[in-house]
Amino acid sequence: MPINFMPEEIMETIHMVQVENLDIRTITMGISLRDCCDPDIKIVARKIYDKITQKAEKLVQTGENISKEYGIPIINKRIAVTPISLVGESCNNADYVLLAKAMDRAAREVGVNFIGGFSALVHKGFTKGDEYLFSALAQGLAETERVCSSVNIATTKAGINMDAVYRMGKIIKETAELTKKADGLGCAKLVVFCNAPEDNPFMAGAFHGIGEPETVINMGVSGPGVVLHAVRSNPEADFGTLATIIKQTAFKITRMGELVGREAAKRLQVPFGIVDLSLAPTPAIGDSVADILEAMGLEKVGGHGTTAALALLNDAVKKGGAMASSYVGGLSGAFIPVSEDAGMIRAVEQGALCLDKLEAMTCVCSVGLDMIAVPGDTSAETIAAIIADEAAIGMINKKTTAVRIIPVPGKIVGDRVEFGGLLGTAPVMPLHLFSSKAFIQRGGRIPAPLLSLSN
Amino acid sequence: METDGQRVIVTVVGQDKVGIIAGVSGILADYSVNILDISQTILQNFFTMIMIVDISQAKVDLQRLQNILKEKGEQIGVKINAQHEDIFKYMHRI
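Line by line, the protein sequences are chains A and B.
Straight run, no breaks: the first sequence in the working numbering ends on number 455.
Straight run, no breaks: the second sequence in the working numbering ends on number 94.
These are calculated hints, taken from the structure and not from any lab test.
Keep in mind the model is a prediction, meaning the values are calculated, not measured.
All C-beta atoms, glycine included, are put in the ideal place defined by N, C-alpha and C.
Just so you know, not all the hints are guaranteed correct.
[Claimed, not checked] Rough simulated footprint, nothing fancy, chain A against chain B, three-plus residues with beta-carbon under 8 Å: (1) 36-45; (2) 80-88.
[Said to hold, decoys possible] Below, a sample of chain A positions facing chain B; criterion: calculated Cβ distance under 8 Å: (3) Ile75; (4) Lys252; (5) Tyr327; (6) Val328; (7) Ile393; (8) Ile396; (9) Asn397.
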């Protein structure tokens with residue numbers, strides 16, 4: 001049996017892992033909790049705990065075994081569940097904090113670092129269960145360690161629920177206040193979506209959508225370092241050549257996700273869902289999306305040309321990745337979370353990258369204004385207005401957008417906030433100081449957009 | 001800890017010296033790991049040996065073999081990886 005590979009190919013794979021930080025970012029198991037209903041909230045909590053711990057019992061061990069056998073790091077094993085607003089709806093006057101705590105205990109028991117799905121879909125309005133969830137959201141995040149929450153407030157087909165947007169502005173302020181000892185860390189676990197995907201494996205926005213099977217395995221790949229190396233190795237390439245190089249690299253990265261996802265699904269006897277074709281940065285040096293944009297020829301990310309560079313990158317990643325996987329889904333695109341990307345942090349601190357440019361960048365990439373720290377005295381109305389702007393971009397452009405923003409209590413522009421681990425370090429960014437209050441206080445819904453006459 | 005495939009790629013990278021192949025193949029023989037092919041080359045000034053081995057008759061599973069090879073590598077001053085063949089198939093072959 002001859003060796004079927006060139007030595008260069010084998011060493012390329014090893015180099016990607018050992019030097020360029022190639023890894024599988026997450027194996028996320030989706031678990032339906034639709035059969036956990038009961039009129040008694042305590043019984044719902046117990047059913048949630050039992051189901052999660054049973055279904056995900058072997059998730060972490062399986063992930064670690066695959067990681068060792070293939071020699072590829074798998075950074076996170078996570079769980080996404082049915083939006084909790086639906087699960088406890090059968091209760092009367094329910095305190096959903098109990099359900100958040102049940103999720104938290106289950107996550108700790110099976111050894112996953114985050115569990116997503118303390119969520120609601122309210123783009124047209126609120127049901128009883130959505131109201132329960134909104135009442136418990138801030139406290140649920142403050143009193144748990146691993147629970148992540150997401151709320152969908154807009155879709156292209158429904159428009160933007162501005163009442164929900166305003167309430168999310170207030171909840172984000174409340175969450176920051178309740179977690180002020182940890183610099184508003186609760187807000188890092190709360191995402192506000194337009195066009196939320198049902199199969200996203202990435203936190204904090206993962207939940208198990210209502211069209212999903214009983215259980216499923218979804219994968220998130222990483223690899224900004226690998227793309228960075230490829231771009232840096234070709235400083236003279238024109239854009240067509242550059243796009244091809246990125247496509248080829250994205251293909252290889254995504255194949256890892258496909259292999260690991262299929263293997264994990266087989267061993268856990270769970271259907272394989274999707275690979276999320278994403279470039280997810282980490283605070284590690286060289287594992288940065290900003291560095292890729294700068295390697296393409298920009299002096300600093302945030303300068304003129306950044307949106308074009310990101311558009312090319314994002315599209316090439318999708319084209320390369322789409323061929324590498326049989327099922328693609330989730331957020332699929334380059335992420336630009338400020339606090340989790342060393343190059344983004346540097347650009348903000350040097351005054352090269354501002355919120356307005358980030359907003360423009362979200363028009364051409366996944367996923368939105370992500371991990372942005374703003375001054376602690378920012379009003380709920382201003383936060384709501386930021387969410388509304390981002391939702392409008394998603395609604396009109398038929399794409400997912402999101403806001404994960406942290407009004408850090410007691411901090412002002414120029415301060416730095418340490419969230420630790422993958423959440424990184426956030427420079428507190430300036431906002432426009434003019435009020436949006438009267439606009440936000442109108443209430444109601446922004447109607448769904450016309451999808452023709454597109455200009 | 002079985003998967004469908006039984007073939008593993010062992011890579012040895014380091015400074016060239018006497019006894020690397022003997023050291024690694026000796027360990028593999030001890031644990032009944034069958035060597036299917038060997039190639040060696042110099043890549044970027046480093047001695048690089050690539051072996052394809054079959055572990056279907058091996059006395060140890062892949063994870064245990066990885067640890068044994070890692071220890072051996074540290075003893076003789078080279079870096080040894082052992083990875084399931086599929087990772088290379090997936091990445092480099094359509």
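For each hint, the structure was consulted:
For the region 36-45 of chain B, the stated coverage by chain A is satisfied: 5 residues place a CB nearer than 8 Å to a CB of that chain, which reaches the threshold of 3. Chain A is given as covering the region 80-88 of chain B, and this holds because 7 residues of the stretch bring a CB closer than 8 Å to a CB of that chain, at least three being needed. Among the interface hints, the one on Ile75/A is violated; its C-beta lies about 17 Å from the nearest C-beta in chain B, farther than the 8 Å criterion. Checking Lys252/A against chain B: minimum C-beta separation of about 5 Å stays under 8 Å; hint holds.
Annotation: interface hint on Tyr327/A violated; nearest CB of chain B at approximately 15 Å, more than 8 Å. For Val328/A, the suggested interface contact is broken, since its CB lies about 16 Å from the closest CB of chain B, more than 8 Å. For Ile393/A, the interface hint is violated, since its Cβ never comes within 8 Å of a Cβ in chain B; the closest pair sits about 35 Å apart. Among the interface hints, the one on Ile396/A is violated; its C-beta lies about 37 Å from the nearest C-beta in chain B, farther than the 8 Å criterion.
Taking 8 Å as the C-beta cut-off, the interface hint given for Asn397/A is violated, the closest approach to chain B being about 32 Å.
Hints 3, 5, 6, 7, 8, 9, counting from the list given before, are not met by this structure.
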